[in-house]
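Trainee: Going down the list, the sequences are from chains A and B.
To convert, note that position 202 of the first sequence is 202 in UniProt numbering; the numbers rise steadily by one, no gaps.
To convert, note that position 75 of the second sequence is 75 in UniProt numbering; the numbers rise steadily by one, no gaps.
If you are wondering where the hints come from, they were derived from the structure by calculation, not from laboratory data.
Among the clues, some could well be false.
[Stated by the list, open to error] Examples of chain A residues toward chain B, derived with CB under 7 Å: (1) Asp127; (2) Leu171; (3) Ser195; (4) Gly207; (5) Glu340.
Predicted model, so just to flag it, every value in this text is computed and none were measured.
Note that beta-carbon positions come from the ideal geometry of N, C-alpha and C, so glycine has one too.
What follows is each chain in one-letter form.
Number of protein chains: 2
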Amino acid sequence: MLESRTPIKVEEAIDRVLRYKKKGSTESIAIEDAYGRVLGDNLLADHDVPLFDRSPYDGFAIRAEDTTYASRETPVHLEVVSEIGAGSVYNQPIKENQAVRIMTGAPIPEGCNAVVMLELVKNIEKDGRAFITVNRSFSGGDNISFRGEDTKKGTILAEKGSHINPGIAALLATFGYKKVPVSRKPKVGVLATGSELLAIDEPLQPGKIRNSNSYMILSQIERAGGEGILLGQLSDDLDLCFQHVRSALQEVDFLITTGGVSVGDYDYLPEIYQKLGANVLFNKVGMRPGSVTTVAEKDGKLLFGLSGNPSACYVGFELFVRPVMRGFLQCPNLFVRNEEAVLGVDFPKPNPFTRFVRGEMTFSDGRVVAKPTGLDKSGVVSSLASANVLIVLPGGTRGYKQGMPVKVLLLEDQQGSFSVNNLFQKSIGSEERMQHRE
Amino acid sequence: MLESRTPIKVEEAIDRVLRYKKKGSTESIAIEDAYGRVLGDNLLADHDVPLFDRSPYDGFAIRAEDTTYASRETPVHLEVVSEIGAGSVYNQPIKENQAVRIMTGAPIPEGCNAVVMLELVKNIEKDGRAFITVNRSFSGGDNISFRGEDTKKGTILAEKGSHINPGIAALLATFGYKKVPVSRKPKVGVLATGSELLAIDEPLQPGKIRNSNSYMILSQIERAGGEGILLGQLSDDLDLCFQHVRSALQEVDFLITTGGVSVGDYDYLPEIYQKLGANVLFNKVGMRPGSVTTVAEKDGKLLFGLSGNPSACYVGFELFVRPVMRGFLQCPNLFVRNEEAVLGVDFPKPNPFTRFVRGEMTFSDGRVVAKPTGLDKSGVVSSLASANVLIVLPGGTRGYKQGMPVKVLLLEDQQGSFSVNNLFQKSIGSEERMQHRE
Chain A
1 MLESRTPIKV EEAIDRVLRY KKKGSTESIA IEDAYGRVLG DNLLADHDVP
51 LFDRSPYDGF AIRAEDTTYA SRETPVHLEV VSEIGAGSVY NQPIKENQAV
101 RIMTGAPIPE GCNAVVMLEL VKNIEKDGRA FITVNRSFSG GDNISFRGED
151 TKKGTILAEK GSHINPGIAA LLATFGYKKV PVSRKPKVGV LATGSELLAI
201 DEPLQPGKIR NSNSYMILSQ IERAGGEGIL LGQLSDDLDL CFQHVRSALQ
251 EVDFLITTGG VSVGDYDYLP EIYQKLGANV LFNKVGMRPG SVTTVAEKDG
301 KLLFGLSGNP SACYVGFELF VRPVMRGFLQ CPNLFVRNEE AVLGVDFPKP
351 NPFTRFVRGE MTFSDGRVVA KPTGLDKSGV VSSLASANVL IVLPGGTRGY
401 KQGMPVKVLL LEDQQGSFSV NNLFQKSIGS EERMQHRE
Chain B
1 MLESRTPIKV EEAIDRVLRY KKKGSTESIA IEDAYGRVLG DNLLADHDVP
51 LFDRSPYDGF AIRAEDTTYA SRETPVHLEV VSEIGAGSVY NQPIKENQAV
101 RIMTGAPIPE GCNAVVMLEL VKNIEKDGRA FITVNRSFSG GDNISFRGED
151 TKKGTILAEK GSHINPGIAA LLATFGYKKV PVSRKPKVGV LATGSELLAI
201 DEPLQPGKIR NSNSYMILSQ IERAGGEGIL LGQLSDDLDL CFQHVRSALQ
251 EVDFLITTGG VSVGDYDYLP EIYQKLGANV LFNKVGMRPG SVTTVAEKDG
301 KLLFGLSGNP SACYVGFELF VRPVMRGFLQ CPNLFVRNEE AVLGVDFPKP
351 NPFTRFVRGE MTFSDGRVVA KPTGLDKSGV VSSLASANVL IVLPGGTRGY
401 KQGMPVKVLL LEDQQGSFSV NNLFQKSIGS EERMQHRE
């Protein structure tokens with residue numbers, strides 16, 4: 001099928017895809033397996049932390065009022081009547097001028113209202129009884145970690161959609177989550193297309209290249225929190241292709257094809273979409289690389305037709321597939337995190353289309369500088385290895401100069417961004433700001 | 001055992017630990033499982049990419065010399081004698097004024113030396129034969145992706161110890177790595193200690209807290225590239241403890257205990273180290289939190305005695321355990337990535353010890369700003385959830401002001417830093433630099 005293609009703007013393309021986003025379900029897994037997953041529910045404190053007033057130090061629990069007149073010249077002597085290890089509770093009433101030896105984390109005994117650190121007292125013995133001497137005064141509340149001081153019962157400690165990091169794992173354990181509610185990973189199928197493709201273990205042949213996109217996308221799917229499923233390669237036969245795509249769609253939440261299925265000038269994919277009764281959302285985007293990106297929808301399920309070109313495929317995935325995957329994972333921030341950096345080189349040549357340049361972000365003197373990684377021809381695979389950002393260069397009639405502020409997409413980030421507002425427009429006054437900085 | 005503890009400097013402590021670092025072995029896994037692992041060998045290009053001169057565009061392969069006199073007024077007509085799809089090869093000789101229809105990625109046929117893009121020609125028919133009209137001149141080499149242009153055979157595309165990201169996965173596939181050499185994950189055992197600890201599914205009891213550190217560390221181990229093994233909790237019985245630690249050591253590459261095993265004032269761990277014949281490298285570090293950190297070595301195997309305090313435990317792991325794990329993984333960059341940021345708040349109170357403050361790094365106007373996440377009392381677990389950096393505040397007699405340059409440790413980063421030089425010293429002139437910026 002020879003098809004006409006009218007490019008639409010990147011933001012419009014993202015918008016069209018997002019109309020079909022839907023949330024996935026929540027499942028329950030063991031806390032030991034939770035690292036790196038996405039919280040499927042809010043993490044709520046079901047009790048105060050600490051649950052009781054406790055000692056932050058090794059020392060002695062005392063009654064502050066016993067020390068009111070204590071000084072270096074007139075120290076007070078307090079009798080040590082017991083000791084409390086962490087995990088123990090002391091239930092005797094504490095009387096005037098008594099103290100209790102207390103370990104870090106142990107509950108403050110009733111009647112005590114302050115803690116003196118171990119190193120601030122002198123231990124003495126009188127008539128076979130143990131005393132401490134305190135040579136300054138304390139106020140009620142000194143050196144006590146109060147109940148609820150860290151976290152009040154009912155607090156949301158991490159929101160649904162958060163990436164489970166070591167800190168959240170600690171919170172889950174603190175609040176007794178032996179099982180953790182996590183968002184189910186979306187199943188994302190990957191179908192390679194292109195008669196020039198060799199399997200990874202086939203010997204090289206003239207005119208052919210190994211299928212690298214499938215494995216790249218598999219990693220991108222995992223990074224975005226999904227489960228990638230390699231579904232093989234489409235043949236050159238239209239009917240077989242159609243069957244293959246139709247059955248693949250049943251198995252997955254999202255389906256990605258890379259490359260065009262072409263015989264001569266003809267690309268089968270548009271015909272397959274038509275035969276499926278799929279609704280094509282767009283088939284060309286005003287961006288470089290990745291202009292030949294098609295997204296279609298069939299019964300609410302999205303089919304992504306990414307370019308066979310590695311860079312275009314990479315960018316197409318991050319811009320169009322990732323947001324709906326993050327939506328499925330119930331993340332509030334759908335988009336790759338976007339932040340401002342300083343451009344590290346000149347891009348003198350203007351381009352009418354928004355460019356996404358593979359780059360490396362480095363820190364210099366408290367600023368973030370983004371530079372392209374090596375060559376940026378679109379067929380180049382080697383510069384993807386060290387890329388940790390995509391530098392966004394909105395289309396226009398002028399180039400970009402070193403030192404200009406630019407937006408970057410942080411590829412390795414798990415936090416994400418809530419919006420892509422103004423990301424693909426040239427920021428007004430960016431040149432003035434650059435001059436101001438020079 | 002009541003032990004005397006003499007604090008040493010953080011850098012000295014790291015140094016002593018690193019004396020016992022050793023490399024782990026390399027194993028071979030399927031490329032489908034390689035994402036997120038660490039390369040166990042250099043990734044070498046075993047052929048040029050592209051392997052042949054190829055077309056970067058859909059268009060027509062031509063002989064540039066046929067277009068020397070072509071212009072809008074005097075276009076040349078070239079006969080289209082064949083077409084080459086991607087993956088095909090055209091082996092006929094191309095004669096004067098002939099052209100071949102060529103798809104993106106297809107090899108340039110012998111005799112041709114330039115490609116004209118599809119949209120730049122007009123197709124015409126003469127006597128049943130197909131021609132294109134070209135109305136400008138081309139030079140040899142125009143629009144050709146040359147053999148080896150992307151990558152020359154023999155190039156190291158990613159070094160041993162690199163984190164396998166989607167770009168590296170693409171390279172692995174391109175170069176036929178169906179099996180990928182990766183560093184074996186170090187096995188890191190985690191033993192909880194402390195009679196105040198409840199198992200995660202036990203109901204709360206007065207004076208007790210749930211064991212959250214084990215799960216936090218498990219996640220930190222995974223983030224650092226290791227395999228965490230929960231080995232349960234040490235009892236209060238010295239002999240049982242000793243047996244438990246001794247057998248645990250056999251199973252793992254590194255052993256972590258958290259908290260002290262104490263009965264009253266006594267901590268069993270020093271006695272266990274002695275009984276094991278372990279060599280204690282240090283038992284106190286001049287830092288906050290985490291001053292009570294012990295590292296010992298037995299027959300070349302490291303035992304980390306981290307504090308029971310969650311923040312101290314977290315910091316102790318990143319500073320002391322992570323570097324030897326990364327060494328085991330054959331990574332050149334052993335340390336958590338450290339970069340410079342701008343301090344977002346005042347820390348007016350000086351501290352003689354180096355502080356590591358849980359923080360969040362944000363981007364603002366091309367600069368990185370680091371602010372503490374909530375409270376920073378050392379017992380506080382909730383501020384760990386949103387922390388993505390540790391802010392390093394070297395000890396000294398003065399506090400820190402908002403706007404000052406500070407070093408931050410990037411907790412979620414996989415790239416790491418090669419060195420910790422000058423990280424824990426107050427940078428000379430940092431205040432002058434701050435003033436300069438104001």
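Trainee: Hint by hint, say whether it matches the structure.
Mentor: Quick rundown of the hints versus the structure:
no.	hint	in the structure
1	Asp127	22 Å, violated
2	Leu171	6 Å, holds
3	Ser195	4 Å, holds
4	Gly207	4 Å, holds
5	Glu340	5 Å, holds
Comparing the model with each numbered hint stated earlier shows that hint 1 is the single one that does not hold.
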